[in-house]
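Participant: Residue-level listing of the chains:
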Amino acid sequence: MEMPSSNSSIINDKDRLIGLFNRILSADSVISDPYETKAYECDGLTAYKCPPLAVLLPRTTEEVAEILKICHEEKIPVIPRGAGTSLAGGALPTSDSVILGTSRLNNILDLDIENRMVRVQTGVTNLSVTEAVENEGFFYAPDPSSQLVCTIAGNIAMNSGGAHCLKYGVTTNNLMGMKIVLMDGSVMELGGEYLDSGGLDLLGVVCGSEGQLGIVTEAVLRIIPKPEGARPILLGFDSNVIAGNCVSDIIGEGILPVAIEFMDRLCIQACEDFVGAGYPDVEALLIVEVEGSAKEIDEQLDRIKAIASRHNPVAMKESKSDKESKLIWLGRKSAFGAMGKINDYMCLDGTIPVSRLPDVLEGISTLSKKYGLAVANVFHAGDGNLHPLILFNANQEGELAKCESLGADILNLCVDLGGCLSGEHGVGVEKRDLMTNQFSRQDLELQMRVKDVFDPDWLLNPAKVFPLEISMERRLN
Amino acid sequence: MRPASESELANLITGRTSPVIPCGGGTRPIGLSSAGERLYLDNLNRVTQYEPGALTLVAEAGTPLKTIFEILNEKGQMFPFEPIDYRGLLGRGGEPTVGGMVATNSSGPRRVKVGACRDYVIGLRFVDGEGNIIKSGGRVMKNVTGYDLTKLLTGSFGTLGIITEVALKVLPAPTHAAVLLIEGLSEKLALQVLNRSLNSPFEVSGAAHLCSGVDGQPVTMIRLEGFQSSVMYRVEELSKFFEDSVSITVETDPERTREGWEYIRDVGPFQNREGDVWKIITKPSEALLLVEGLRESINIEVFYDWAGSLIWALVKEGTNLRDYLQGLNGHATLIRANDGNKSHLEVFHQQSIMELELKKRLKNKFDPGNILNQGMVL
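Protein chains in written order, with our numbering: chain A, 1 to 477; chain B, 1 to 378.
Source of the hints: derived by calculation from the structure; they are not laboratory data. Keep in mind that this is a model prediction, so the values were computed, not measured. C-beta: ideal position from N, C-alpha, C; glycine also. Mixed in with the good hints, there may be bad ones.
[Stated by the list, open to error] FRET-style restraints, in silico, Cβ to Cβ:
#1 D359/A x N364/B: 41 to 47 Å
#2 P368/B x C50/A: 33 to 39 Å
#3 D359/A x G94/B: 37 to 43 Å
#4 D359/A x R2/B: 52 to 58 Å
#5 K341/A x N370/B: 57 to 63 Å
#6 R361/B x V149/A: 35 to 41 Å
#7 Q269/A x N11/B: 45 to 51 Å
Could you build the full structure based on these sequences and the hints that come with them?
Facilitator: Here's what the structure looks like:
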């Protein structure tokens with residue numbers, strides 16, 4: 001994986017540039033000591049590292065605007081960063097860039113329970129939004145596994161999802177408005193405290209643009225009344241393919257669970273060892289969760305059990321208490337951590353039409369054998385969002401390259417089956433060079449023209465999303 | 001012009017300098033295009049893919065919604081956002097198309113629970129102003145691969161590209177519905193009750209208030225949908241929100257519940273009535289104050305959907321409602337008026353200069369020759 005060469009005139013001018021930032025920010029908001037910037041050299045994609053020129057941690061929208069004005073004037077690349085949990089290298093810096101971190105924009109500005117919305121600064125964590133409203137009986141729906149630490153800013157940049165978005169949608173479906181600072185320092189509101197912005201949906205295009213169009217400093221989020229109750233059931237099967245068929249049948253028969261999660265044997269065992277979630281010892285496991293009153297839950301679970309029974313399940317286990325339910329979800333949400341404990345791994349994020357689940361699982365298994373690298377599968381089966389984890393040994397020479405090559409093959413398989421490269425992690429640097437497999441040059445040209453409008457000099461997160469050779473002319477001008 | 005295929009359409013647009021007006025079924029003439037030759041998409045009318053088990057449907061832009069609804073019905077599925085059928089309000093014939101629905105981001109009463117049309121469009125193909133065929137999104141429910149041009153095109157009223165094919169997420173249609181009908185509530189009480197219902201865990205899928213129902217009395221409507229036993233359970237729970245003195249009728253007849261919500265969705269109260277019709281969207285808690293303010297200044301009739309987030313307003317022809325909506329926390333669209341008044345009053349919400357400037361620059365990137373629906377939206 002390649003990053004563009006750094007602009008040495010910026011690096012040589014570091015002292016003066018830091019001086020400019022010190023003039024507008026308090027001392028603790030400017031980090032330029034190489035020992036300290038090292039902490040920002042990578043995000044969740046740890047295979048690639050590079051410390052930035054400096055890290056800036058503004059506290060207000062005005063400070064963000066001042067920073068961007070300077071960077072615009074001085075032509076310094078800006079790498080936006082939430083909590084740095086990106087698995088796609090979305091927050092990977094270059095040595096001539098400054099990281100603009102949102103971690104100190106961390107106030108909840110308005111709790112408007114009556115109108116079912118909240119306004120927050122975007123450095124707040126995903127989970128803290130739910131924590132702020134749960135006493136009123138509400139929650140914020142998108143729930144990425146990293147929700148304890150990841151920020152709303154990062155969620156907006158990557159249009160994050162989570163296990164429960166089968167029913168409630170991803171970030172873009174729960175975002176009503178935003179305050180955004182453009183690269184020239186101008187500030188604007190998009191959407192607001194009402195439904196459906198009038199005219200062109202700029203809110204919709206900024207969400208998921210990986211920090212390339214502007215810095216979002218405030219967000220208006222839709223909150224949802226908590227259901228009366230929720231309960232998961234565990235369904236175990238003899239093979240991945242049978243589990244895949246069962247998912248397709250559940251959805252095809254008019255039941256819309258709030259989540260359908262899938263794990264294969266490798267993953268089940270790792271999670272079991274890690275948290276002891278009480279998963280059965282099977283080849284493939286589905287966690288299906290339904291919501292409502294106790295009676296509504298029973299009725300839905302009965303229907304699901306009837307469908308599952310047609311697929312010869314080897315285990316069916318309903319959660320019997322809140323404690324059991326919590327443990328079941330803790331196991332699932334710890335999946336990446338649990339795998340990390342036993343091996344190095346690379347996490348993919350391809351998406352396929354749900355009906356192709358059996359095909360993709362078979363294809364992954366074939367590729368895994370071909371490369372001689374084990375692949376563990378854990379994913380949001382209900383919406384076809386796969387997270388194959390390729391296990392490899394980072395210390396063995398050549399193994400990372402082999403792993404990346406297997407990853408590319410798996411993602412291309414997803415595209416061939418009618419799917420896409422990324423369901424919720426984003427393209428970042430990781431999948432940048434695969435974009436031409438999914439899009440034509442003209443498709444990408446038009447996307448890049450959108451960036452031209454928001455950021456004509458290509459200073460915001462410039463070496464991400466688009467293949468380097470395609471974006472080169474724009475980045476260098 | 002009536003291209004037979006996407007590629008023929010692309011050829012027609014390539015190198016073209018004179019303006020065109022893309023047309024679906026011609027059933028929602030809301031925006032006003034200053035000039036151009038009509039471009040009919042009715043030859044692009046195939047459902048290209050439907051996978052009930054994957055909850056996705058792909059269709060060419062000119063496909064009549066009628067055709068799609070028949071196919072979805074067979075499998076017990078639906079477009080959950082209930083697109084508006086404007087024919088009654090705007091006095092049009094013809095058949096609404098899926099392309100027109102997407103280009104106008106059309107959503108009805110259920111929007112308040114499930115989201116808007118734009119939340120269900122997962123991919124599309126279009127021809128830009130230079131004749132390039134562009135693909136965005138896909139046919140999967142989660143997708144962050146590249147920029148979401150799909151959102152930008154949805155609701156762009158044909159100004160950024162001519163949509164040729166759309167992919168939508170569909171949902172299982174509920175097997176049962178019940179509507180709580182409460183007569184005689186004041187607007188204030190009605191809006192309070194509607195919002196309280198929406199803030200409950202009972203998954204309300206419709207929340208409307210008519211200041212004057214069919215028999216002249218104010219009527220408040222709350223809809224619940226799902227499996228039968230679940231619907232009846234929630235009817236009981238919601239009924240507890242009201243004092244014993246309030247009389248509640250529960251309508252469960254499928255035909256009558258459907259008709260009732262179509263009346264709300266298609267702006268039934270203002271069909272065949274004289275005057276201009278405006279659609280105002282605001283924060284629910286500000287709806288009543290806004291309407292009371294308007295009543296002090298002008299002759300206006302309203303009804304509420306989305307628990308007050310959506311206000312449908314009927315005013316005397318030519319009234320410039322915007323004069324009275326200064327500082328509106330939301331936006332207003334002039335849905336029905338004669339062309340003279342539309343051009344004089346402007347159909348679409350006026351935005352900040354900065355936002356308008358940005359949108360014009362975007363338009364210029366998609367359609368450098370400004371040939372697509374000139375003068376619309378921007």
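Participant: Name the hints, by number, that the structure is in violation of.
Facilitator: Violated hints (numbers, rising): 4, 7; every other hint is consistent with the structure.
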